[in-house]
Amino acid sequence: MSQSQQSEPRSGSVDGPADAVIQFRNVNLQVNQKSLVEGLAFEVLRGETLVLLGRSGSGKTTTLKLINRLLDPTNGEVCVEGTSTRSWNPIELRRHIGYVIQDTGLFPHFTVERNIAVVPRLKGWPENRTRERVRELLQLVGLDPGMFANRYPRELSGGQRQRVGVARALAADPPIVLMDEPFGALDPLTRAELQREFAALTKRLNKTIVFVTHDIREAYTLASRIGLFKDGHLIELDTPDRFASSMDAEAQAFNKSIE
Amino acid sequence: MKLIDYLVQNRSEVLQLTLEHLFLVLVATGSASLIGIPVGIILTRRTSLAKPVLAIANVLQTIPSLALFGFLIPVLGPYGIGRVPAIIALFLYSLLPIIRNTFTGVNGVDPAVREAARGMGMTDWQMLTQVELPLALNVIVAGVRVATVISVGTATIAAAIGAGGLGTYIFRGLRTVDRTLILAGAVPAAAMALLADLALGSLERILSPGSGGTIINRRRWVVGLGALVIIAGLVAYFNVGVATSGARIVVGSKDFTESRILSEIVAQTIENGTDIKVEQATELSGDLCHRELVAGQIDMYVEYTGTAFTAILKHPPISDPRTVYDQVKTDYASLFKLEWLQPLGFNNTFAILVRGDDARRLGLKNISDAARYAVNWRAGFGQDFMSRKDGYPGFVQTYGLRFSEPPREMDLSLSYQALANHQVDLIAGNSTDGLIEKLGLVQLEDDRHYFPPYEAAPIIRRDTLDRYPQVGDAVNRLARRITNEEMRKLNYAVDAEKRDVKVVVNEFLSK
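Same order as they appear, the protein sequences are chains A and B.
Each residue of the first sequence is one higher than the one before, counting from 61 in my numbering.
Each residue of the second sequence is one higher than the one before, counting from 25 in my numbering.
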């Protein structure tokens, strides 16, 4: 992949506020006359964990895919590192952003080691640096490299697979990580364990994280801010403290569910 | 057990036919894979094309194979017979399973895996080569497997258009009602299909993403594939090698015993009398011999004057042998640039037959002699004789024949037995049929020259004759050398005694 001039802007040299990594500017997306998201206008700040909360079909996942350009807005624009996603080379943009999905999407024909090494190898890292990085990441997500590096995904438990999924997203050290209900399919105990570890991890890593969930507990565990989606609109965006006392009916419905 | 004996005795021919069969199948499915897999991949990228393309491939699949072969003959002109149309037909049949399985295999990759691949920044090509194809490989191989098994079966039918292969035995066996021969073609073909199915089936399992296929298994597979490619290469080399080494001509034969014997006689005569190598293209049905000769795929074959006169030149039947021969010789030279050599001697026409003891007792020599006894006789005729223009109606009219009851219509081969068993008293057989000798029958002479002549004579391409004039000289030494009686004996030796054509002909020529 050739690297075009505009495709790798330096972080910091941006035209918006210095600490806004992702900006939504009045974004709409319609597919077949149906509006999936409408009037999105918000920013994601450097180093924060923004949790997008909402019911199924409320537009959270769509919003996430607008960031790494798996979808393009119908109107408005999404800026990453100050540059509109339309001006980014999509391949470069995606290699700049880590991505974890609920079903992990681990490649079943690759070992754990090769799964984690995908993006570094796409980026052409030297082989010994890639190997070193894989070991480092396995340890980071709590898996013994000696035991797990050569296993295939089918030989892992659900929780282990998600750990590998997280390690894979972090492999090339992207400044931004998008996570789409990564822990949604796990049993409650494993989920709580992973949430705790992940919360600790994000503090150390200083990544900008956008995290989609329908689980309000998860939102409180991880979020520096919570954005609430309803019917394709972002109806509330605030810190967990203020979200807890929100007067909004949907926010109250979510809060009530954990009393 | 007869089958095993046969296969062992004819092992070099069995091997040759098996290799030919394998060659057809490998070339056809190989090229269908080379085309079909990329087409299937393109369809996953241009889904609007998927429906029409799969529909076309589906329609191709439903065309009966004989119809497809028949259709390809005029379309391909000079290449309309032999390996080329066979491979094209097998190729077309192989396309559907390969395209369809590639398409469904690639589309069947877990959407989550695909989304992850895109989300990580793989280009379309990287996604295809690193994710989709490896995961779809077992489904694609399953398609190739289906195509291969279909091809092994269909390739047997390709023998009908002179493509060789194990179908040669099946057709030969069907014609001579020889179950051993049918099995000699069918059993190896079925074994080949089963082996291909097993081999590709195990490859499919090794390649399936959840299989844990070991390195050793894969390595064994690479070795196996390599061996197959080498075999195909050897077969191809062998075929090309024959085609390019030294002076060589090809003699064709039709799909019945007598024609096969005659091509063997011509071939051995040429090889004995010149230093030219002869190849034979056997089992050419209908007018394929003529077409191949005109197209230059074969150099010569033995034809019957009557067949050339009525079936190919479409003249109405006449009965003078000299006139017929002169006419076909002139017409063939001007229309097709083909030369008729000297007739071999015998005349394979309808033979009016009676029992030998009747003939001796009543002193019968010709048909007119028999006319006065016929009112007390019963006659049995084959369906062909009853329906042909030059058959029954003109026959009874010419000789003023009346029988005691209307003639019985029966299968030709049964009519011989019926005559011998006194169920009928007169039949119309073929004058060179080996059974005439065997059953002690006598052919009555056609003293009013009612039946058109079917004299056998070799035809050769003029350019071949110009290049190798010694071939014409050698073959003309056979002129008038084979009598009706000798032809009957040869037919009998091969058809009834099941003796090898080459040996029988060698004995005949040594006399």
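In case anyone wonders, no lab produced these hints; they're calculated from the structure.
Be a bit skeptical, because a hint or two may be false.
[To be verified] With beta-carbon atoms standing in for the labels, derived distance ranges:
no., chain 1, residue 1, chain 2, residue 2, range
1, B, S226, A, S95, 48 to 54 Å
2, A, S95, B, R70, 45 to 51 Å
3, A, R211, B, I66, 44 to 50 Å
4, A, S95, B, R69, 49 to 55 Å
5, B, S72, A, Q90, 19 to 25 Å
6, A, R115, B, T71, 52 to 58 Å
7, B, S226, A, T134, 22 to 28 Å
8, B, I87, A, D233, 55 to 61 Å
9, B, V247, A, T134, 52 to 58 Å
[What the hints assert, rightly or not] From chain A, some residues computed to sit far from chain B (all C-beta separations above 12 Å):
no., residue
10, G136
11, R146
12, R154
13, L166
Glycine is no exception: its CB is placed at the ideal position from the N, C-alpha and C atoms.
Cross-check of the supplied hints:
| no. | hint | result |
| --- | --- | --- |
| 1 | B:S226 - A:S95: 48 to 54 Å | holds, 52 Å |
| 2 | A:S95 - B:R70: 45 to 51 Å | violated, 29 Å |
| 3 | A:R211 - B:I66: 44 to 50 Å | violated, 35 Å |
| 4 | A:S95 - B:R69: 49 to 55 Å | violated, 29 Å |
| 5 | B:S72 - A:Q90: 19 to 25 Å | holds, 22 Å |
| 6 | A:R115 - B:T71: 52 to 58 Å | violated, 31 Å |
| 7 | B:S226 - A:T134: 22 to 28 Å | violated, 51 Å |
| 8 | B:I87 - A:D233: 55 to 61 Å | holds, 59 Å |
| 9 | B:V247 - A:T134: 52 to 58 Å | holds, 56 Å |
| 10 | G136 | holds, 22 Å |
| 11 | R146 | holds, 17 Å |
| 12 | R154 | violated, 3 Å |
| 13 | L166 | violated, 7 Å |
In terms of the numbered hints stated before, the structure departs from hints 2, 3, 4, 6, 7, 12 and 13, listed from lowest to highest.
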